Amino acid sequence: MEIKSKLDKSRIYVYFSGEIDEHSANKARATIDNVLENNNFKVVIFDFSNTSFMDSTGIGMLLGRYKKLKKRGVSSYISNPSFSVNKVFQISGIYDVMPKI
Amino acid sequence: MNNKMTIKFDSVSQNEALARNVIASFILPLNPSLSELSDVKTAVSEAVTNAIVHGYPDTVGEVTMVAEIIDSDVHISISDSGVGIDDLNKALEPFFTTKPDDERSGMGFTIIKTFMDDVTVSSRLNFGTTVNMVKSISKVAV
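So the sequences go chain by chain: A and B. Residues in the first sequence are numbered consecutively from 1, following my numbering. Residues in the second sequence are numbered consecutively from 1001, following my numbering.
With the rest of the complex left out, here is chain A (with noise of 0.2 Å):
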């Protein structure tokens, strides 16, 4: 997985591509909160528009972030899932606290 970020005035994009599974997420996680942790915004877009394939650890990882990233009153939202990525979100009933745009 390799993960990418865009700074637009008081938002941040980041990006995720290849496979979210356990293996690559305890690697991407350092590199997310470094990212969100280094830089000033108020939203947070996730984007998956390039993520092939994604299990439940995608939302265990999501949910970290959306903690921490709360407590800082930012808010996070998901953006472009494909079929099978959505399908994982829908079950997990995440778009409750990041919601889909």
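Since the hints were made in silico from the structure, they are not lab data. Wrong hints could be hidden among the right ones.
[Stated by the list, open to error] Under the rule of at most 20 Å between Cα atoms (straight-line distance), these lysine to aspartate or glutamate pairs were calculated in the EDC-like manner:
| id | chain 1 | residue 1 | chain 2 | residue 2 |
| --- | --- | --- | --- | --- |
| 1 | B | K1139 | B | D1073 |
| 2 | A | K9 | A | E37 |
| 3 | A | K70 | B | E1103 |
| 4 | A | K67 | A | D96 |
| 5 | A | K27 | A | E37 |
| 6 | A | K70 | B | D1102 |
| 7 | B | K1113 | B | D1087 |
| 8 | A | K68 | B | D1101 |
| 9 | A | K68 | B | E1103 |
| 10 | B | K1099 | B | D1058 |
| 11 | B | K1004 | B | D1118 |
| 12 | A | K70 | B | D1101 |
| 13 | A | K87 | B | E1093 |
| 14 | A | K27 | B | E1103 |
[As the list claims (entries may be wrong)] Covered stretches of chain B, as calculated for chain A (at least 3 residues, CB under 8 Å):
| id | segment |
| --- | --- |
| 15 | 1010 to 1017 |
| 16 | 1032 to 1039 |
| 17 | 1047 to 1055 |
| 18 | 1109 to 1116 |
[As the list claims (entries may be wrong)] Taking CB as the label site, the calculated pair distances span:
| id | chain 1 | residue 1 | chain 2 | residue 2 | range |
| --- | --- | --- | --- | --- | --- |
| 19 | B | V1140 | A | Q90 | 22 to 32 Å |
| 20 | B | V1060 | A | N50 | 26 to 36 Å |
| 21 | B | V1140 | A | L7 | 39 to 49 Å |
| 22 | A | S79 | B | L1034 | 14 to 24 Å |
Please read all numbers here as calculations on a predicted model, not as lab measurements. Backbone N, C-alpha and C fix where the C-beta goes; we use that ideal spot for every residue, glycine too.
Once you have looked at the hints, place chain B on chain A.
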């Protein structure tokens, strides 16, 4: 055509991708839809991750995946000889996790049950856990 395969691999996390790519290749002759294919890959990824993370928390052990195609059904069994599950009913509940500090969602079994047509889990403390699951692949007229 009916077919059967078995693979054994170490409980290390890079084998999560190996297991789901093997199962995807194995069921390809059934012409699964993209949705069916991703359902099976995701369920296998969940069960294998459980074996690696929870079955063998402190050691590297062996995980076995057996898959069998019978007509248009694929039967998959993923087993470990690890620590086993203390309270199986609890483990099957949505959001239940024994490792909340590791940012685990507790959704693994819920996803397996949602994505597969039939799922049974058996476990014995200190002997290991087996997840058996079945997915019927729809027959599409060619």
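Verification of the hints:
{"no.": "1", "hint": "B:K1139 with B:D1073", "in the structure": "10 Å, holds"}
{"no.": "2", "hint": "A:K9 with A:E37", "in the structure": "16 Å, holds"}
{"no.": "3", "hint": "A:K70 with B:E1103", "in the structure": "16 Å, holds"}
{"no.": "4", "hint": "A:K67 with A:D96", "in the structure": "14 Å, holds"}
{"no.": "5", "hint": "A:K27 with A:E37", "in the structure": "17 Å, holds"}
{"no.": "6", "hint": "A:K70 with B:D1102", "in the structure": "19 Å, holds"}
{"no.": "7", "hint": "B:K1113 with B:D1087", "in the structure": "18 Å, holds"}
{"no.": "8", "hint": "A:K68 with B:D1101", "in the structure": "13 Å, holds"}
{"no.": "9", "hint": "A:K68 with B:E1103", "in the structure": "12 Å, holds"}
{"no.": "10", "hint": "B:K1099 with B:D1058", "in the structure": "14 Å, holds"}
{"no.": "11", "hint": "B:K1004 with B:D1118", "in the structure": "19 Å, holds"}
{"no.": "12", "hint": "A:K70 with B:D1101", "in the structure": "17 Å, holds"}
{"no.": "13", "hint": "A:K87 with B:E1093", "in the structure": "19 Å, holds"}
{"no.": "14", "hint": "A:K27 with B:E1103", "in the structure": "13 Å, holds"}
{"no.": "15", "hint": "1010 to 1017", "in the structure": "holds (count 4)"}
{"no.": "16", "hint": "1032 to 1039", "in the structure": "holds (count 4)"}
{"no.": "17", "hint": "1047 to 1055", "in the structure": "holds (count 3)"}
{"no.": "18", "hint": "1109 to 1116", "in the structure": "holds (count 4)"}
{"no.": "19", "hint": "B:V1140 with A:Q90: 22 to 32 Å", "in the structure": "25 Å, holds"}
{"no.": "20", "hint": "B:V1060 with A:N50: 26 to 36 Å", "in the structure": "32 Å, holds"}
{"no.": "21", "hint": "B:V1140 with A:L7: 39 to 49 Å", "in the structure": "46 Å, holds"}
{"no.": "22", "hint": "A:S79 with B:L1034: 14 to 24 Å", "in the structure": "21 Å, holds"}
Checked against the numbered hints given earlier, the structure satisfies every one of them.
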